[in-house]
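Participant: What follows is the residue order along each chain.
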Amino acid sequence: MIYFFQQALNAVQLGSVYALIALGYTMVYGVLSMINFAHGDFFMVGAFLCFIGAALWHLAFVPVLLLSMGGVTLLGVATERIAYRPLRNAPKVSAIITSLGVGIFLENFTLGLNPYPKYVPPLLPSLGFNAWGVSVSIFQLSTIGISFGLMFALHLIVNKTKAGLAMRAISADRLIVPLMGVPVDKIIALTFALGSGLGGAAGVMYAMAYPVIDPYIGIIVGWKAFISAVIGGIGNIRGAVLGAYILATVEIMTAAFLPSTYRDLITFSLLLTLLIFRPRGLFGKAEIQKV
Amino acid sequence: MKAKNIAAILASLSMLAGCGKAKTDTVRIGVIAELTGAIPAVGASCRNGAQMAAQEINDAGGIEIGGVKKKVELFIEDSASKPEQAAGVAQKLINRSDVVAIVGPNSSSNALPASEIAEKSGTVLVTPWSTDPKTTLDSKTQQPKKFVFRACFTDTFEGKVLGGFARKELKAGKAAILYDVASDVLKTQAEIFKKSFEENGGRVVAMETYTKGDKDFSSQFTKIKSAGPDLIFLPSYYTDVPLQVQQARRLGIKVPFLGSDAWSSEDLVRMCGADCEGSYLLNHYSPGTTNPVTQKFIAAYKGLYDGAVPDDVAALSYDAFQVLAKSVAMAGTLDRTAVRDALSRIPAYPGVTGTIKYGADSGDPVKGAVILRIKNGGFAWFADVQP
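Protein sequence lines, in the order shown, are assigned to chains F and L.
Residue 251 in numbering that gives the first Met the number 0 sits at position 252 of the first sequence, with consecutive numbering throughout.
Residue 227 in numbering that gives the first Met the number 0 sits at position 228 of the second sequence, with consecutive numbering throughout.
If you are wondering where the hints come from, they were derived from the structure by calculation, not from laboratory data.
If you're wondering where the values come from, they're calculated on a predicted model, not measured in any experiment.
Some hints here could point you the wrong way.
[Stated by the list, open to error] In the BS3-like style, the derived pairs of lysine-lysine whose C-alpha atoms are separated by at most 30 Å in a straight line are:
hint, chain 1, residue 1, chain 2, residue 2
1, L, K194, L, K366
2, F, K117, L, K81
3, L, K366, F, K117
4, L, K211, L, K194
5, F, K117, L, K253
6, F, K117, L, K186
7, L, K374, F, K117
[Claimed, not checked] Across the chosen pairs, the derived CB separations fall in these ranges:
hint, chain 1, residue 1, chain 2, residue 2, range
8, F, Y115, L, V204, 30 to 38 Å
9, L, R202, F, F4, 25 to 33 Å
10, F, F267, L, G377, 20 to 28 Å
11, L, D360, F, H57, 57 to 65 Å
12, L, S120, F, R87, 46 to 54 Å
13, L, A273, F, H57, 54 to 62 Å
14, L, V204, F, Y261, 17 to 25 Å
15, F, N129, L, R202, 48 to 56 Å
16, L, Q294, F, T260, 40 to 48 Å
17, F, P85, L, A298, 55 to 63 Å
18, L, S120, F, N88, 32 to 40 Å
For each residue, glycine too, the CB sits at the ideal point set by N, CA and C.
All chains should be modelled from the sequences, with the hints used to inform the complete structure.
Facilitator: Written as structure tokens, this is what we have:
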């Protein structure tokens, strides 16, 4: 039983990182119906900003977190302005290919600066305690705590503010809402800012939990987060968070109770089965394609 | 006018292509290193070792070919640690740069495809660091490849030695293994370790895997912890090891780790910090040895590269390059097949990483290894092991 709880804690920690990144995918999709494949690399830039803040500038935890979130927010808004906005009325495929291009650019830009994997020094004391036989570290608690905090803040912004209302309105109908005087460009920029900022925070959480980072970390983690968003029903915020915890739990528990070699095989077979029965994900709504 | 332009373009293109005519004013040797990608420290060491060997040969006047001393010219290519790029640059070195022979690539995933190209085009390839038995074997006939050699020992030897060492020297009764299922080399090391450890009377209580790119190993280590091993065998690349060991320690695992030669970059100790202290690894050579050839090499390397201590890749690349240069001198010609024949017959060469000599029809040298222990933030010599 202790073994189970230990593994459950591992799953919640991993799920929290996936959830923060999955939110970025799902928010952009919700508002623009576009998949921003560069998002995993935004997350990678967040982890590298964490490295710069922690190892080169010797900042404390909170300034590093703000640096990463701020830096990645700017990156997200700038990318939207430079790369995506000119293509807003182009075919969807163009924007998706552009986002892949942005991702590859970010990877190789980081690689070009310095190809060596980086070690991020710990920003939090390496404390841990034993709760009824389960080892709990401060890294796990802070990852889970900060993720929950940020997700709650996002929930408030989306559901309780005027900008959030505009965001939900654009998500519901992109043609009519601008006619009502909603500044679409500003709201889309805000969506990118929020999504990227969460990605930046995820970068810091990740660099704390898994302190060796390289320019390719965004690819695999980005995929997993994207898959989480799809399981939950892409475009749906609650769905993305739930999907992230489901994916992490299945991954961890498969490796925990079955041979770890079959982890990805079993995980993705389950997900495919889920998608057969719920093709739009858990919270996704069926859309009628108007011709 | 138009025809003239086309002619001019064609002329400049053929100049770029080098006209396909063999250039014989220098001894052209290719180097394929993993300068970017997953293991950049390995690539940099390989380049450094090869450059240093080339510089020493050139300072001594060069290699005598047909009565004329010729300088060595290096053609360094980056494989980016990608198999397809390794094969691509091998082809480029052979066809475009017109090299006599190639040193590298280092990781087996890169060395395998490059060795196929070298074998097909009849060009000698000496890999400094690829320990996979398959690198020097023909994939169809399982016979040794004719043109592919290595400067290091093989995984079979490594797994066997480590299994025995864990059981006999470290007195471990129960071992756990965690390895990358996507890497042939690491999988072979894990399997042969298991076999050797069990033959020596030990018991493997957990055999867990992960996949390339994984960063979270909490599930596997929680499982290993509940199996209660005395030792964990962890044949992972040096970039994964710090994450794995740190996560294990955070989960409260206190037993020592045993690593393979994939650990052998001092970057590992820098990234892992105190968590890796007391772990063991197998390596091709130890900077702490008293061997005069090795000490001379280390001093020269430090002088050339701002006091950096050469790792095993640097030492093996240097050895690979020197052995190759010796065989070119022995052949006395730039003919690729003659160089191959000379290399296979080379008399025992006292290298930095031990004596190198090849059997009649094998590209694998017979040589020993060292066990190192991580102590005070560095690798310290622990024991010598012989085949």
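Participant: Evaluate the given range 30 to 38 Å for the C-beta pair formed by F/Y115 and L/V204.
Facilitator: holds, 36 Å
Participant: Checking one constraint from the list: CA of L/K366 to CA of F/K117, max 30 Å. Satisfied?
Facilitator: violated, 34 Å
Participant: Take a quick look at whether L/K211 and L/K194 sit within 30 Å of each other, Cα to Cα.
Facilitator: Between L/K211 and L/K194 the Cα gap is close to 24 Å, so the pair holds against 30 Å.
Participant: CA of F/K117 to CA of L/K186, is that 30 Å or under?
Facilitator: Holds, at about 26 Å.
Participant: Taking 17 to 25 Å as the hint, is the beta-carbon distance of L/V204 and F/Y261 inside that range?
Facilitator: Holds, since L/V204 and F/Y261 (Cβ atoms, about 19 Å apart) stay within the stated range.
Participant: Starting from the hint 55 to 63 Å, judge whether the C-beta atoms of F/P85 and L/A298 obey it.
Facilitator: With Cβ atoms ~59 Å apart, the hint holds.
Participant: Would you check the hint for F/K117 and L/K81, treating anything up to 30 Å between C-alpha atoms as holding?
Facilitator: Given that 30 Å is the threshold and the Cα spacing comes to 20 Å, the pair holds.
Participant: I want to verify a distance hint. Is the separation of the beta carbons of F/N129 and L/R202 within 48 to 56 Å?
Facilitator: Between F/N129 and L/R202, where Cβ atoms are some 28 Å apart, the hint is violated.
Participant: Has the hinted range 57 to 65 Å been met by the Cβ atoms of L/D360 and F/H57?
Facilitator: About 59 Å separates the Cβ atoms of L/D360 and F/H57, which means 57 to 65 Å holds.
Participant: Quick one: are L/S120 and F/R87 within 46 to 54 Å, going by C-beta?
Facilitator: About 51 Å separates the Cβ atoms of L/S120 and F/R87, which means 46 to 54 Å holds.
Participant: For L/K374 and F/K117, compute the direct alpha-carbon distance and say whether it is at most 30 Å.
Facilitator: holds, 22 Å
Participant: Is the distance from the Cβ of L/Q294 to the Cβ of F/T260 consistent with 40 to 48 Å?
Facilitator: Cβ of L/Q294 to Cβ of F/T260: about 44 Å, so the range 40 to 48 Å holds.
The structure shown violates the earlier hints numbered 3, 10, 13, 15, 18.
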